[in-house]
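S.K.: Sequence:
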Amino acid sequence: MKKDIQQWLVFKVVAIFIMAISVGFIYVIYFYMEMVNVKSLIIQGDVIEFSGKVIICMGGIPMFIWMFFFALRMLIKKGHGTIKTKTLIGSVWGGVSIVAFFAGFIAAFVIPFILMVSPYTSCNMGKYSSYYVINPDLCKTIVPDQWVKK
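In my numbering, the protein residues as written are 168 to 317.
Honestly, I wouldn't trust all of these hints.
[To be verified] Distance windows between CB atoms, simulated: (1) Leu282 - Gly191: 27 to 37 Å; (2) Gly219 - Leu239: 48 to 58 Å; (3) Ile256 - Val277: 26 to 36 Å; (4) Thr252 - Tyr295: 15 to 25 Å; (5) Ser258 - Tyr194: 18 to 28 Å.
[Claimed, not checked] Cut-off 20 Å, straight-line C-alpha distance, at most; resulting in silico cross-link-like pairs (DMTMM-like, lysine to aspartate or glutamate): (6) Lys245 - Asp171; (7) Lys294 - Asp304; (8) Lys294 - Asp213; (9) Lys307 - Asp171; (10) Lys251 - Asp304; (11) Lys244 - Asp304.
Hints listed in this document are in silico derivations from the structure and should not be mistaken for laboratory results. Positions of the beta carbon are idealized from the N, C-alpha and C atoms, including for glycine.
Sequences are here, hints too, so could you generate the full structure?
M.R.: As structure tokens, this is what we get:
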């Protein structure tokens with residue numbers, strides 16, 4: 168009896184921990200990573216900012232959403248032990264999240280090659296190394312936080 172209570176408690180604590188990690192990851196990505204540089208890739212103005220880390224993290228968001236709801240199912244499940252039944256939406260979302268993560272991972276490595284063959288030139292100057300510009304003289308006019316609305 169005591170062992171069952173301990174196992175039940177461990178499963179519930181682990182579920183809460185997974186949910187906290189998932190929410191924390193999504194919060195950090197949304198509020199602390201400058202995802203606006205992805206917007207500059209889509210708009211393709213005179214200045215583009217690219218960071219592969221942001222692309223990979225954005226690809227990981229669906230996986231952390233899936234982990235959150237999986238942990239929620241573990242939390243509200245009666246008894247202890249793993250979940251034995253699969254849901255259709257869980258299986259589909261799990262597949263989509265894996266594909267999104269790998270697509271983000273691959274895109275983070277492919278986009279620099281695309282930028283090399285495009286008319287954009289890398290600034291290659293310390294904190295400006297993630298910027299690509301049409302005209303190299305534009306590197307001198309870049310304000311690093313111009314994309315971020317304060």
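S.K.: Would you mind marking each hint as holding or not holding in the structure?
M.R.: Each hint, compared with the structure:
{"no.": "1", "hint": "Leu282 - Gly191: 27 to 37 Å", "in the structure": "holds (32 Å)"}
{"no.": "2", "hint": "Gly219 - Leu239: 48 to 58 Å", "in the structure": "violated (31 Å)"}
{"no.": "3", "hint": "Ile256 - Val277: 26 to 36 Å", "in the structure": "holds (30 Å)"}
{"no.": "4", "hint": "Thr252 - Tyr295: 15 to 25 Å", "in the structure": "violated (53 Å)"}
{"no.": "5", "hint": "Ser258 - Tyr194: 18 to 28 Å", "in the structure": "holds (26 Å)"}
{"no.": "6", "hint": "Lys245 - Asp171", "in the structure": "holds (12 Å)"}
{"no.": "7", "hint": "Lys294 - Asp304", "in the structure": "holds (16 Å)"}
{"no.": "8", "hint": "Lys294 - Asp213", "in the structure": "holds (18 Å)"}
{"no.": "9", "hint": "Lys307 - Asp171", "in the structure": "violated (66 Å)"}
{"no.": "10", "hint": "Lys251 - Asp304", "in the structure": "violated (61 Å)"}
{"no.": "11", "hint": "Lys244 - Asp304", "in the structure": "violated (61 Å)"}
Violated hints, listed in ascending order, are 2, 4, 9, 10, 11; each of the other numbered hints is respected by the structure.
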